[in-house]
Amino acid sequence: MSYAPPVELTEGRQGHYAGAVSRLVAFAADIGALWGLYTLGLAGLSFAAQLVTGHSLKFGNHQAVTFTALVVWSFIYFAYQWALAGKTLGMAVLGIQVVAADGTPVTTKESVIRTLTLPLSFVLFGIGFLGILIGRERRAWHDHFAGTAVVYSWDARAARLRWLAKQDPATQRRKSRKTVATEPDPV
Amino acid sequence: MAPNPISERIESMAQAIAERVVNLVMDAIDIDALLDGIDVDRIISRVDVDKIIDRVDVEKIIERVDVDRIVERVDVERIIDRVDVEKIIERVDVNAVVEKVDVGRIVDQLDIDALVEQTELGSIIAKSTTGVASEVLDVIRAQGVGLDDFFARWTNRLLRRNMADLPLGPPTLVSDVASGPGNPVTAADGSAPGARP
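For the protein sequence lines, the chains are Z and G, in the order given. By this note's numbering, the letter at position 120 of the first sequence is numbered 120, and the numbering carries on one by one without gaps. Just add 187 to wherever you are in the second sequence, counting from 1, and you've got this note's numbering.
Think of the hints as simulated: they come from the structure by calculation, not from any bench. Do not take every clue at face value.
Here are the computed distance ranges between Cβ atoms for each label pair [said to hold, decoys possible]:
(1) G:Ile-276 / Z:Arg-136: 54 to 60 angstroms
(2) G:Trp-341 / Z:Leu-37: 31 to 37 angstroms
(3) G:Met-350 / Z:Gly-36: 36 to 42 angstroms
(4) Z:His-62 / G:Asp-336: 45 to 51 angstroms
(5) G:Arg-340 / Z:Leu-116: 29 to 35 angstroms
Idealized CB from N, CA, C, for every residue including glycine.
Generate the whole structure from the sequences, applying the supplied hints.
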């Protein structure tokens, strides 16, 4: 694969406010990971119950329990990861990170508040997320409540160097021949 | 009043006698013997040299000196042969010199991309990465940044807002000071933050 990240898009973005698309895709990836792990957990629990009791566990009969478990799991998923590294799995993939509004590392308290207020951004058709698109600092409601911001943590410069290093040797030779041909004759 | 003729004659006679006497005395004196008898060192010791120097206009003397002509006569090669360069280098405070060098400015002038393409550094970087997985991530992230910019551009256009007036990021991350170890982005990624475009 030879993809050249455009310089104007990639250089010097570390620490800048992350945009709506990166955040949305990261959130979607997180929801996928969260739901996948939750389903795996329930399947594992059902399997364990069948091994012990000999009867399969029907979660459909305990919707309140499964919903509570999902809420608790969601809280742990987001709060723990934000408090630990400032990023969730989805955010790590997209190269973005949660920091305090002034740029310092996010604290456990801020992570917990951010997680608890995250659902508030969904009310009224997700109006709380509009700040990411139109806000000066690209912050959603839960960012304002927790005093946090989301920035790019991806080292785009290193990505560009990787791309330069992995260029096709034939392309490099062609390029060097072209350079020699365009150089003026010293005589 | 009319001049006295007697006194005039006496005066001219005295003049003639004096001239004659001086000539006779000069013939009789041995000048060399007289000079030998003079203690020049004693005279010099009495001379106040500082006072003489004070009265000399040095600037005027320098103006008259043809420096180019003097330099032409100097054998520079011979002087250089005599200079002990190693001894001079030993006396140079290299740390003080290095402190004065603006390394950032030198680095700014380097074409890092060209350097990576032409040296083994590129292959070293390539080997140090995880290969295809990192490239896929680079692609996804670059696309994300591109789309972020696209939406940000259109939003700002609709809101009639100048992008240059908007803050790039949190103050501690986008300022030059942020490139230190206190940068949470750096600490989490283990990589240095990028400079402002």
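Quick rundown of the hints versus the structure:
1. Taken as a hint, the range 54 to 60 angstroms holds for the pair Ile-276 (chain G) and Arg-136 (chain Z), whose Cβ atoms sit roughly 56 angstroms apart.
2. Our hint of 31 to 37 angstroms for Trp-341 (chain G) and Leu-37 (chain Z) holds, since their Cβ atoms are close to 36 angstroms apart.
3. Taken as a hint, the range 36 to 42 angstroms holds for the pair Met-350 (chain G) and Gly-36 (chain Z), whose Cβ atoms sit roughly 38 angstroms apart.
4. For the pair His-62 (chain Z) and Asp-336 (chain G), the supplied restraint of 45 to 51 angstroms holds, since their beta-carbon distance comes to about 47 angstroms.
5. Checking the proposed 29 to 35 angstroms range against Arg-340 (chain G) and Leu-116 (chain Z) shows it holds: the Cβ atoms sit about 34 angstroms from each other.
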